[in-house]
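Protein chains in written order, with the numbering used here: chain A, 565 to 1270; chain B, 242 to 504; chain C, -7 to 320.
The list that follows gives simulated cross-link-like pairs (lysine to aspartate or glutamate, EDC-like), each with its CA atoms no further than 16 Å apart: (1) Lys966/A <-> Asp234/C; (2) Lys1083/A <-> Glu1010/A; (3) Lys966/A <-> Glu426/B; (4) Lys487/B <-> Asp299/C; (5) Lys1226/A <-> Glu306/C.
To be clear, the hints were calculated from the coordinates, so they are not data collected in a lab.
It should be emphasised that the depicted structure is a prediction, and the values quoted were computed from it without experimental measurement.
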Amino acid sequence: MESLQFAALVTSWLVPGRPLFVLIHILGVASFAYIVARRMVPLLRAERDPRFDQPLARLGKVLKYWLGQWKHPRYKVAGTLHILIFGGFLLLAARAFTVLIVGVAPNFVMPGLSGKAGLVYEFLTDYAATVVLLCMLFAIARRLLFKPARYAVPARYGKAHTGDAVFLLALIAILMVADSLFAAAKAATPGQPTELASSLSLPWILKTALASTPVPTLGRLYFSAYLGHEVVFYFLLCYRPFGIQFHVETSLFNIYFAKSDTGTVKPVRWGVNDEHLNEVKSFGVKRFEDFTWKHMLDFYSCADCGRCSDNCPACAVGRPLSPRFISIKARDYAFQHYPMFGHVGNGKPFIGGIYSADEIWSCTTCGACETECPLLVEYIDKIVDLRRGLVDDGNVPQSLQKPLQALESRGNPYGKMEKKRAEWANAREFQQLCGIKTLDSKTSAETLYFVDSITSYDDRLQSIGRATAKILNHIGEDFGILGSAERDSGHEVRRFGEETLFLALRGRNVEAIKRSGVKRIVTADPHAYNALKHDYQGIPPAEHISQLMARAVRSGKLKFKPLENTNNVYTYHDPCYLGRHNQIYDDPRSVLDAIPGIKRVEMSRSRDRSFCCGGGGLMLFYEAKEEQRMGVQRVRMAEEAGANVIVTACPFCMVNLEDAIKVAGLEEKMTAIDLAELAARQIMNEGQTSESAESVEAQQEVVVGR
Amino acid sequence: MEILVCAKRVPDTSDNELVLNRAGNDIERDELVYSINEADNYAVEEALQIVARVGGKVTVVTVGGEDDEEILRREMAMGVSQGVLIADEACRASDGRGIATILKAFVRKDHYDVILTGVQAEDGAAQVGGMLAAMLDYPFASLVNSVEVLEGNKLKIIREIEGGNKEISEIDLPCVLSIQTGINEPRYVGMRGIRAVASAPISTYTTAELGLESGVVGAAAAKVKREDYFVPAFGKGAEMLESNRKENIEKLLELVIAKGGLK
Amino acid sequence: MARIFAYITHRNGVVDDSADELAAAASRIDATASLTALVTGCGPDLDNACAALRASYGEVWKIANPALAYPNAEVIRKALLGVLPAGSTVLMAHDHFGIDLAPGLSVKLNTSYVSDVSGIAGIDGADLKVVRQEFGGQVSTHVRCDISCGAVLTIRPGAFKGHGEVSLNGSVIDKSAGVGTLTTGRRYLQTIVAEAGTVDITKHNVLVSIGRGIQGKENVAIAQELADALGGAVSCSRPVVDAKWLEKSRQVGSSGKTVKPKVYLACGISGSFQHLAGIKGNPFIVAINKNPKAPIFHVANVGIVDDILEFLPELTSKVREMQGVAGK
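Just chain A, same shape as in the assembly:
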């Protein structure tokens, strides 16, 4: 009898507030709907972006990256915090909903959460709320006291974001307290049905503290907690779309609609195929509205966590690029030009506005930012689109114009003559040791060795070409090269925004490849590999030489003799376009480890956290404004890891690292070598012993390697 009385009492505490609560509900929901609708306006004006295919695969991504918080643990402390908070929110969702409804429909119970299930749920969510509160307090302390470097806002990007971050964290903390107080006030009322004791949870603590509180006070507390919860809940709901917390709502969609075919770059305009590109009036992104709706959603979804910029090599060397601020500045632009009330948009040009041309040219497209982002925000496509806009307007740095003109007239960025492209293969001494076929109407082969420009024309890197040929010969591959019919793969041409020139280069290469009749393609250049694999269509499948070597090692076709100098410590540098972009990490390592006597260490930043050497292709010509070279930072990392030989599997990495060794003054202490060069040097022929192999090597020294 008494308990019924008290049950009714509790219910009655909220009755006087019911009209207010209803009003808040209506206002809150309506405001939120209005705000979200306004936020969608620019997306409706944006370029199209087809992301509605492969629903199952997309759902899989949602499960892995959204529900599974897959990328978060890459930063342990923040990752753990976020997983707890996220888990807490998910768990608390039903509870929050129930609390909100209870103010107007007192007997509301969530379907499926009545009776025992409800009690268990209540028990779990008591702890969830506590954990979330503790996380909030820890997060606030972290922001104010520990100040992780990646949250800092460099002066040129404005004021610090700490105030806003702490404000939001505090609000969530208050929400948890209000919720717990609401539960505690009820539980402290005499005669309430007993429940599973969630000892030491916040509601439990508050309930215990309220043990001898007079009932009327409890009633007032109950009412205040409810009101507080409702107000803070709706405030947060409506405030989130004005800042980085919008990711709470957009993250699921952002991950669902994430790019599925990584490795290639989006077309100039979706729905316009190459033949009709001439009809497109303007290439690239010049104003905000030129972005696709998904890119705009990316801007909304950026959580300002700074992980991208923390791993960005351009940022690390002081170039004027910070991926985080590419997103934040664009988001602020969207908020400013698409306000809640009033006139919308003004189509102002970007470059010279929120972005500078140098900022956009600074990117090496290494992909570290995209690999790191927990929300799968895309950057490379945006940079490429912005570059397309710059190229369309003729706004290209002078240092890049010369190689681009050379690519147009000669098919290589050095301006060297086409007929000299295969000279590296025709050097007489080399031909005697290892003949290389040039594929033409009379000569054919199973496999094409696609050499690409830098390996063909650069004196130093031609040895990579010869080493690769030697390896292919040794493992019995029937291969040839295109010779002067080959053009630059155009990989960087595309990524620097010169789509038309890229299509021309690709067209010539595809024609030559098809004419040659080869069944597969191999290359030692990861940029060419990426282009052939992702940017080109209608050609035989392509592989990188490290993949062939790894297979040959496994099958026993490729054996190595022991290293002469066993004092060297080797480390492998993952090239961006072999490792991060194509996930080929283990094959090169297994080849290295197959060399008897090799001592190999890993740098702290390896595999998908590898640090870009400085970039390849056209990036070698660009004069960046930077404080240091990326290559110099990378060789210092090798030094730190205790290595004195850096092995890499990319000619551009080789150029940058060898240069960096000189600039860093490490010439006596460190050398760089290409994987193919090292492998070719260490090949043990059939029936050979170590001794006889050495004398052969001495003969070959002059041709292979340095």
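With chain A's structure known, arrange chains B and C on it following the hints.
Quick look at chains B and C alone, frame taken from chain A:
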């Protein structure tokens, strides 16, 4: 402002790929890539920047043959309003004075406030601009690396003189200027830009259409003729040190010390 | 031809080096012709210049007028036209001034014109055969010029060596009355002297000069270390300044500074004429370049085909070793 830029199509030889042909009377041109003379490109960019500031239009003219049309298209893709080709046998065979005569006849058909040329082309002659100005009786300035439009039909120009010094002058319109490289940063134009102007009309003229009689220009009128190309045997030239680096360094230092080059 | 004119520039009364060179070129064209210097200006400076020229020129035509105080080619051309007979043969140096004056002068005098002459091959009837370079010095050409109506020729500085030991005791003739009114459409305003950088390369005896072969701003230090070890300074060619790897005050060349060191190391410099024009005083030139065909090897005393990025540090080490300083 009406600006005319006189441009020339030249071989691109920045990578030292020049060889003499088998007959020994010319360079091997078969595999050369041609483009607009670098200084002329700077002149076109300067012209475009001037009209962007003060209004007007830019015309580019070239004297030669059909092949030369491609540079006109490239400059039109940059933003030039009109490309003009003056082509016939006489054009191809004229000397510098003949070219200037042809250009003068073209200029007289219309009115231009400013005529720009590049300082020099691949032959290093640096002559057409100065000649054209004298024929037209326009004031002339060479080696210009800055142009500012002033009130009252004149320009303030800066010439680059010895020691890196800058000579500032005022010049009345209409005038002729030869433009030095490095005056600005020319905009980029790629295949897409050129395709966009692929069917834009180019005015063409022959020397006859410009009112020039056959003896006045062309081979007959040329007073200066190039006879051949050759690579001179440079007598002594440098004493080349050709052993390994270490020995080269030792020998080099010996010589440098002997010349008083070491403290 | 009876008479060859040479237009001589002067500054503050000091005659330009080209005076002797033009005299030498004239005698190669026609040793029998009488040589007449043309000098413009006003005041005592002009008189001093004329006096200095009497040693190498049979006649010195002095053209004085206040309007000629500053050498404005437009004004000077007008003045010369009042004084020169039609069909004259006129030589001048191929420099900033010559490029400005000569082409228009040849049109007004109705003569032939050949610029940047680096050699005289001889006279063949009505034609003068000369040698010129094209394509930045990569090839030379023989050029035939009809001189029956006279000619204006600009001569490459340094191509002809002055005789020096001539004392003709020429006469100075005042031709100032011949000039008409000297107003033109181009008016000189002022000269801005190039900023003096922290280092004055014209004062150093040893210069380590870098060109495009240095490949980047961060490699300039390699040259600086060598310069430090040798007690010299780093200078450069134009492309290095255009790329903003060094400031303009370090540029050697016709549009940069003129230097007179004892030893000049040309590192990764191709050797264009405009650059070489800035090197005077016949220094010991060492050329280091990856390209064995670089024109610099034609004018250097010693040449080494090598990569400067590798060669220079080793050279620096060796120099330091020799000086007893621990090498890097």
